[in-house]
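Residue numbers (the UniProt record's numbering): 1 to 164.
Hints are computed from structural coordinates only; laboratory data are not their basis. Glycine is no exception: its CB is placed at the ideal position from the N, C-alpha and C atoms. Mixed in with the good hints there might be a few duds.
Each pair of labels, with its calculated beta carbon distance range [to be verified]: (1) R132 to P68: 30 to 38 Å; (2) N83 to P137: 36 to 44 Å; (3) T161 to D35: 23 to 31 Å; (4) W127 to V39: 17 to 25 Å; (5) D144 to K93: 15 to 23 Å; (6) A130 to G102: 37 to 45 Å; (7) R8 to A158: 17 to 25 Å; (8) G33 to L108: 18 to 26 Å; (9) R103 to D67: 16 to 24 Å.
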Amino acid sequence: MTSTTTGRRTVAACDGSSLANPGPAGWAWVIAGPDGSPVREACGAFDRATNNAAELTALAELLESTDPRTPLEIRMDSQYAINAASVWIHAWKRNGWRTAAGRPVLNLDLIQRIDRLLAGRDVHFVWVRAHRADGDPLNRHVDDKARQAAQDRRTALAAATSPP
Numbered sequence: 001m002t003s004t005t006t007g008r009r010t011v012a013a014c015d016g017s018s019l020a021n022p023g024p025a026g027w028a029w030v031i032a033g034p035d036g037s038p039v040r041e042a043c044g045a046f047d048r049a050t051n052n053a054a055e056l057t058a059l060a061e062l063l064e065s066t067d068p069r070t071p072l073e074i075r076m077d078s079q080y081a082i083n084a085a086s087v088w089i090h091a092w093k094r095n096g097w098r099t100a101a102g103r104p105v106l107n108l109d110l111i112q113r114i115d116r117l118l119a120g121r122d123v124h125f126v127w128v129r130a131h132r133a134d135g136d137p138l139n140r141h142v143d144d145k146a147r148q149a150a151q152d153r154r155t156a157l158a159a160a161t162s163p164p
């Protein structure tokens, strides 16, 4: 796969969207080509999920879809997802998957999945501003895809529950 690199990292982005938080939700990821445009992408949806769960799902799906030997730069607009995957996760593991306040970690299944997928990988997270016309084009792309997946799911759910 030919892709954009920063230094020696392949550039990717991922995002999640929840319409009612929780509500119909979507996730998306993209890998950039040499010119910065999307060359590989995926998206999906849930009947009901939070925005944070959608963000974490996008990250997990991206990691599962890329070669673990490929160094990645992952651009995300979710500080929660970046911190969960790269900062807080270490303390949560030490605390038996409990927060500093002693509460269970939310989205634990996704956090543990991401933890397994990050093991031994070279991944650099970059926070980008969300919903900006002058912002990161890859973030805009995955934001559009995730939101559209959530909207499509909401439409499908409405059609399935409306009387004939």
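Tested hints:
1. R132 to P68: 30 to 38 Å: With Cβ atoms ~32 Å apart, the hint holds.
2. N83 to P137: 36 to 44 Å: With a Cβ separation near 24 Å, N83 and P137 fall outside 36 to 44 Å, so the hint is violated.
3. T161 to D35: 23 to 31 Å: Given range 23 to 31 Å: violated, Cβ gap about 44 Å.
4. W127 to V39: 17 to 25 Å: Given a distance of about 23 Å, which is inside 17 to 25 Å, the answer is holds.
5. D144 to K93: 15 to 23 Å: violated (34 Å)
6. A130 to G102: 37 to 45 Å: Distance hint for A130, G102 is violated at roughly 31 Å.
7. R8 to A158: 17 to 25 Å: At 46 Å between Cβs, range violated.
8. G33 to L108: 18 to 26 Å: violated (35 Å)
9. R103 to D67: 16 to 24 Å: violated (36 Å)
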